[in-house]
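**Q** Order-wise, the sequence lines are chains A and B.
Last residue of the first sequence: number 1482 in my numbering, and the count goes up by one each step with no gaps.
Last residue of the second sequence: number 1482 in my numbering, and the count goes up by one each step with no gaps.
Any given hint could be a false lead.
Given that identical chains are not distinguished, each listed pair holds provided it fits within a single copy or across any two copies.
Unchecked claim - With a straight-line Cα cutoff of 20 Å, these simulated EDC-like cross-link-like pairs (lysine to aspartate or glutamate) come out:
#1 K1442 x D1425
#2 K1442 x E1317
#3 K1442 x E1382
#4 K1437 x D1425
Simulated from the structure, these hints should not be mistaken for laboratory data.
Since we're looking at a predicted model, the values are computed, not measured.
Residues per chain are reported as follows:
There are 2 protein chains.
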Amino acid sequence: MFSGAQISLYPMSDDFVAIILGAIKALEPYRANFRIETDDISTLLVGPPEQLFPAMRDLFVAAAASGKHCVLSATVSRGCPGEPDDPICTPISASIADSPLEERIRQARESVDGAALSGQAVAAQFSLYPLGAGHHMDEIYGCIDFLKSSGVFDRSKNFCTKLRGDAGPVFATLSEAFLRFGAPQGHVALDMTVSANSPSAV
Amino acid sequence: MFSGAQISLYPMSDDFVAIILGAIKALEPYRANFRIETDDISTLLVGPPEQLFPAMRDLFVAAAASGKHCVLSATVSRGCPGEPDDPICTPISASIADSPLEERIRQARESVDGAALSGQAVAAQFSLYPLGAGHHMDEIYGCIDFLKSSGVFDRSKNFCTKLRGDAGPVFATLSEAFLRFGAPQGHVALDMTVSANSPSAV
C-alpha cells in the first residue's frame, strides 16, 4: 500500500532558509527508509506509514527550537488508488487497523500515553478524509472517541479538530488517527497544520 | 449548504505580523458577506462558495506584494454533513454544478480564460476530496480534463496537482475545480497551498 506525505515547513523569520536546512538534518535517521523529493512547494516523503509522523515530529521540533514562530503543513495519504504499490511503503509492524474498533481505540490511547515528551509545546489542527468505499461512520465516531480522550484534544472547529500539548503526544495522536481508523486497505487522507511559538497563541 | 475555509498566511519574514495585518485589509470588501473568526492557527471564512477563492486571492496577492516569500494554506469545504445550514452560505448565483459534465468543463475553462491578471506569479498545489456517496469517478476525470487545459497546469504530483501562473487564473482554476465538480449538494473538501517569491522556485 502506497503511503507518504507532502510536507512543508514555514519559519516566520528572515532566516527561514537556514532554519529549514538545519531542521532537515533531523530527517537523517529516517532517510534510509524513505524516498524523499523536494520542489519549491513541498517535500515528498514516501515510506512506511508508522514512520511518517515520527519523522515530521523530529523535523518540526528541530525547526521550533529556533524559537521562531514555525508551522509545518502536510498532506498525508495511504492507500491512494492509482499510486504504485511501492515495497518501501510496507508497514514495519503488522496491520494495526484490523482488530475490533473498541480494541483499536484502547491501543491508540495506550500509544499516546506512552509517547515521549519533547519539551516543545505545539498547537495543531487536522482533517481526516476516509475516501471511497469500505469506510463506515462507526470508524469516524470511534476516532472522535479516541481524540477526545487523547489528553491533547483542544476543540472541534469547522472542518477540522484542534489539538494542543507537547509535540510528542500531539504527533502520536495524529499518527494513531491516521493509522488505526478507516478501512485497513482503504484510501485515507489527512491534512494537518502544526504551529509553535505563535505570538497569538492563547 | 454550509461552505467556508480555514485559511492561514505564512510570510517567511521577521515582519510577519505586520505583513499579515496589512494583507487582511484586502478582505474588507468581502467582510459583509462572510462570518470571520480567527485563532492562533487559522482564520475561518464562512460564506458564499463563489467568493471564497476571490477573497483568498486578494489576501494572498496583498501579502506577496511585500516581496517576501509568502505561503497561503487553506482547507476549503462545502456541504459538510453536521455543519448548520447557514443562510450566509447561499450561493449568489444559481447552482453551477448541475449541468452535464462536458458543459461544466467548457464553462470552467471560460471562467479561467476570463480571469483578470494580478501581476503576481504564484505556484500552487491542491488535493480535491469528494466525500460520501453521490460522487463518481467521471467527475474526477472531468476535473482533471479541465485542469490540464486550464493554461496553469504544471504537473501531477503524488497526492496532489500542481499549478503555476498568474494568481488571477490560478485562483480561478482552484475555484472552478471546487465549485463545478462533484455532486452539487455533496460534500467536497479541497486542501491547497499557494506560494510566491520562493527562493527555490524553478
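**Q** Against this structure, judge whether each hint is valid.
**A** The hints, checked one at a time:
no.	hint	result
1	K1442 x D1425	within (14 Å within a copy, 36 Å between copies)
2	K1442 x E1317	between (29 Å within a copy, 15 Å between copies)
3	K1442 x E1382	neither (23 Å within a copy, 40 Å between copies)
4	K1437 x D1425	within (16 Å within a copy, 34 Å between copies)
Hint compliance for this structure: hint 3 is the single one not met.
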